[in-house]
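With chain A fixed as given, assemble chain B onto it according to the hints.
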Amino acid sequence: MKFRIALAQTQSHQADPTSNLQVISEICSKVELDEEIPTIVVFPELSVTGYLMHDDVYQLAEPIPSGPFSQELARISQKNSCYLIAGMPESSIPGLLYNTAVMFGPEGFIGKSRKIFLPNHSVFNERRYFRSSPTINVINTPMGKIGMQICYDIFCPEITRAHALLGAHTSICISASPGVRRQYFETFIPARAMENTINFVYVNQSGIQDDLIFWGGSEVRSATGKQIAKLEYNKPDFEVCTLSTDSSQSAKNFVPTLKDLPSWIFKTIEESYYDI
Amino acid sequence: MTSKSRIRSIPSLDVTVTSELIQDFVKIRVTEAGAEGVVIGLSGGIDSAVVVTLAAKALGSKNVIPIFLQNINSSEADITDIKALCKKLKLELIQYNIQGVIDQFSESISETEDSSELAWMNIKPRLLQTYLYFHANKKNYLVCGAGNKSEIMIGYFTKYGDGGVDILPIGDVYKTQVYQLAEYLKLPKSILKKVPSAGLTKGQTDEAEIGMSYTELDSVLYGLEVFQTDEQITELTQIPLSTIKKVRSMIYKSEHKRRGPILFKLGVRTPSIDWRIPLIKPKHI
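Listed in order, the protein sequences are those of chains A and B.
According to the working numbering, the first sequence is numbered sequentially starting from 135.
According to the working numbering, the second sequence is numbered sequentially starting from -18.
Treat the hints with care, since some could be wrong.
Examples of chain A residues lying across from chain B (beta carbon under 8 Å, computed) [as the list claims (entries may be wrong)]:
id, residue
1, D150
2, S153
3, L186
4, D189
5, D190
6, D344
The hints are simulated quantities; they were obtained by calculation from the structure and are not laboratory data.
Glycine included, C-beta positions come from ideal geometry on N, C-alpha and C.
Okay, chain A solo, but in the shape it has when bound (with noise of 0.2 Å):
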């Protein structure tokens, strides 16, 4: 089955979720759709609210799909008839919140993942809001089975080997990432989509927050690691292509890393965690 991904790669306003709605709502209302191949438009992290919103947070996030800025992604979404993937803070019960990953559809809310690996070094102070997701999940949708992550989770290739364990032919990392970390996330890319035999994308905030200035440069890898789409760095930028749900599969006959993965080395890993 063939979809397409529209890569929407915004610069959010901080901590003003009605302005970044309503660029949610002018995009996805200009996507030209096909009327044979679903569309899915993919924001980048926490795009709803913009990444830098410090403590405001604490007004921002929201039970999904419940809150009123998932309402109205799911509203975008029916009203424009396409899929959308966005990033908002998750309120899930009072003062326990999550970096979260949500997709709506023109039937509704489809699901939502947590952000696992929280950064908090560098420029990064996510654990001072966050908590970090104890599970590991796909969405199921009417593409198939998709995998969502978002950002620094993809220095952490047990994830994405998750997905593609889990049964997803595409993951899907929305991200948040200043320019100094460019060269990790170029080299990331196409290894996670190689290494799982897995369709890859990756959707950047750009342009300045604060005193940070995201790289953009989001792109899309076949899971053969081909360059399916890339966008310009450090602005705005917008392009839709087409991946298969069957390439995964494809992939997989070629280099078969997933059958050939022994069990045993994830109890190596497991036992050596706690060791050390």
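Only chain B this time, still in chain A's reference frame:
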């Protein structure tokens, strides 16, 4: 291989991208502050020449006010270079002679100016900021500083003088990288070849005062930035351990200059410590 040739240069800038990013930064900070332009103090040196050139590109000449304060130590070469650069960038230069103000200040405190004394040296940069903020407040502009990463990291600036500004577009660019930007921007050779000087006293040069060349300083700072040990920096650069320790010492001694005024925590959330909000006012407020 001589020890000089082993001094490692720090990574080159992608000057095209850096120049674009600095312009974006200036534009966004001005817009988000609700301001209409920037005021910049020009010294005749390379840092302020780079900053004013990028600001003019970002905001347009009409939205940049360059100011030069002449005093007893100002050189003719600086004045000529500043006028030529402003003409090239189509900027209207504002020039004051502040020696009279300094003399009046001297008289009011019954002391004679001693330009070798720190307290007197700091008067001029602090006067400069008064002039810059006067014009900035009148026009609803921001004050744009020209401090570079090398000077900032060793505290080679006057607290609440040239360090007292709203934005520092080249604050994360080492001095040796500023030269790369200057070449890319095709600044006049007379500015590129000028010996760096804070211009606070006659014949003063930065490198003599700091006690090492900017190439050495930047190599040490870069090594420290990427978490190298003193021994690793020496091994890579042949710069003596004593020089590295001197740089470390300058960094620690000047940390107070890089922070806002120090306060201590008493409340639930404390300004500048853990009461954190975005730099701009969100629309929902």
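Hint check results:
The interface hint given for D150 (chain A) holds, since its Cβ lies 5 Å from the closest Cβ of chain B, which is under the 8 Å cut-off. Checking S153 (chain A) against chain B by beta carbon gives a least distance of about 6 Å; that is within 8 Å, so the hint holds. With a least beta-carbon distance of about 6 Å to chain B, the hint placing L186 (chain A) at the interface is held under the 8 Å criterion. A least Cβ separation of about 5 Å between D189 (chain A) and chain B falls short of the 8 Å threshold, and the interface hint therefore holds.
The closest approach between the C-beta of D190 (chain A) and any C-beta of chain B is roughly 6 Å, which is under the 8 Å cut-off, so the hint is satisfied. Interface restraint check for D344 (chain A): the shortest CB-CB distance to chain B comes to about 5 Å, inside 8 Å, so the restraint holds.
Violated hints are absent here; each numbered hint is respected by the structure.
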